[in-house]
Each structure stands twice: as C-alpha cells, then as structure tokens.
Amino acid sequence: GSNSDSDSDATTDDSGGSNSDSNSNSGSGSTTDDSGSTTDDATSTTDDTGTTGLDCADGLGNLCGNPYDLGGVDEGEAAMSQTTTIITPGVADWFQVSFLAVNRPGGGTPTIVFAQNDNEAYRFDVYTTMPCGGTPASCGEGGDNGQAKNLLEYSFTDDQPDCCSPPDDSMVSWPGTLYIRVYRVDDGGDCSTYQLQLTR
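Counted the way our numbering counts, the sequence shown spans residues 7 to 206.
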C-alpha cells in the first residue's frame, strides 16, 4: 500500500544480501601472460608463476560513519556515482545524497537505481538517518518486508494535495538526505562493477 501523502517504492528480488559496515573500492583488472603483454580484462591477473588473483584497483574506501557524498539533486536534475567494484561479499560501499525539499506536494520524484550492475551482482539499502546500527527506511510499496533493503530501485513520490499542512503534515516526511549501502549478493571473487544513478 501507499501512505496518504507520499510513498516510497522499492524494487527488490529474492537473492538477499549480506550486512557489513566495511568499506570497498573501485577499479578494473588486467591479464598479463608470460611474454609480459597486457590485455584489458575485468577479472584477473596471471603472473609468471601461473598464480591467478584479482587485480581490482581500490578507490572509495568509505565507511558507514563516513559515507561518500554524492551531493544534492534538484528537481529535473541527475547525478551519478563513479563506477566501482566490491570484490568480497560482506563488504559494503556507503553513499549519501541530498534531495532538498522545496515545495510540497511535488518537488520531483527522488529516485535511486543502478545505471550499471554487472551480472546483477549488487543490491542496495536506503536509510533516512545515519545508518550505523540503524534500520532501513520504510516503504509504502515493495521493498523487503516493508523496508528499503535488497533493492534494485528506490523512489519517493509526493503527490497528495493535503500532505503538508496540519493535521496531515507529519504522515510521511520528505526524504531529505538519504544514505545508501551497496553490497554484493553473489559469491564475489571477480571485478564486476556497479554505478548508481540518482534522479529527481
């Protein structure tokens, strides 16, 4: 169902995810053969001994208490995260984005989706407060048991004309700043990448 003044919709699947406040990083890999030549490959590096291991460059290094700030998104605008990877299941990347309220109802539809999600290896959770130890935001529709977790898409729609004056002004708050936790839901072990897209 949806809330009477606005609702948060989420798209999820059955694969579930792992929880962690750890950080992860970004990059791509290369493959080197015994002749020393290098070719682009997003999976592994082989050295002269025949050992194969991942070579995904580290990048973000953000934690739950210090999420990577993607800035603000105004109505009609969009923003993107950098393309990055998480190699290990149980590790997460943290982001924050601001959708500042202007006039209610209206003000656009804050939306978070994956612009890129190699092999559908990633999902995300959404929080409305600094998330360390907290629970994900509630969803009027979709989500995982009414919570904004294990998502492929999140949106907030503010379209009820009586939303914002007493006695209905506190039924559903405008999302303001959202915190996003991205994590892998597969077995990991490769350099699959993802990129977030934020629109309003």
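Calculated from the structure, these hints are not laboratory results. For each residue, glycine too, the CB sits at the ideal point set by N, CA and C. Accuracy of the hints is not assured; some may be wrong.
[Stated by the list, open to error] Restraint-style ranges between C-beta atoms, simulated for each label pair: (1) Glu-83 - Gly-195: 32 to 40 Å; (2) Glu-159 - Glu-83: 12 to 20 Å; (3) Gly-139 - Asp-75: 17 to 25 Å; (4) Asn-109 - Asp-192: 40 to 48 Å; (5) Asp-192 - Gly-78: 19 to 27 Å; (6) Val-108 - Asp-193: 26 to 34 Å; (7) Asp-75 - Gly-140: 29 to 37 Å; (8) Gly-78 - Asp-193: 33 to 41 Å; (9) Glu-81 - Ala-121: 17 to 25 Å; (10) Asp-192 - Ala-121: 16 to 24 Å; (11) Gly-78 - Ala-121: 14 to 22 Å; (12) Asn-125 - Gly-182: 17 to 25 Å; (13) Gln-203 - Thr-94: 18 to 26 Å.
Hints, one by one, checked against the model:
At roughly 37 Å, the beta-carbon separation of Glu-83 and Gly-195 lies within the given 32 to 40 Å, and the hint holds. Distance hint check for Glu-159 and Glu-83: the Cβ-Cβ separation is about 18 Å, which falls inside the suggested range of 12 to 20 Å. The hint said 17 to 25 Å for the Cβ distance between Gly-139 and Asp-75, and at roughly 20 Å that hint holds. Between Asn-109 and Asp-192 the CB atoms are about 42 Å apart, so this pair conforms to the stated range of 40 to 48 Å.
Distance hint check: the CB atoms of Asp-192 and Gly-78 are about 32 Å apart, inconsistent with the given range 19 to 27 Å. Evaluation of the 26 to 34 Å hint for Val-108 and Asp-193 yields a failure: the beta carbon distance comes to about 44 Å. Between Asp-75 and Gly-140 the CB atoms are about 18 Å apart, so this pair departs from the stated range of 29 to 37 Å. About 36 Å separates the C-beta atoms of Gly-78 and Asp-193, a value consistent with the hinted range of 33 to 41 Å.
The hinted range of 17 to 25 Å is satisfied by Glu-81 and Ala-121, whose Cβ atoms lie roughly 20 Å apart. For the pair Asp-192 and Ala-121, the supplied restraint of 16 to 24 Å holds, since their beta-carbon distance comes to about 19 Å. Range check, Gly-78 to Ala-121: about 18 Å between beta-carbon atoms, so the 14 to 22 Å window is met. In this structure, Asn-125 and Gly-182 break the distance hint of 17 to 25 Å, their C-beta atoms being roughly 33 Å apart.
In this structure the hint that Gln-203 and Thr-94 lie 18 to 26 Å apart at CB holds, the actual value being about 24 Å.
The structure shown violates the earlier hints numbered 5, 6, 7 and 12.
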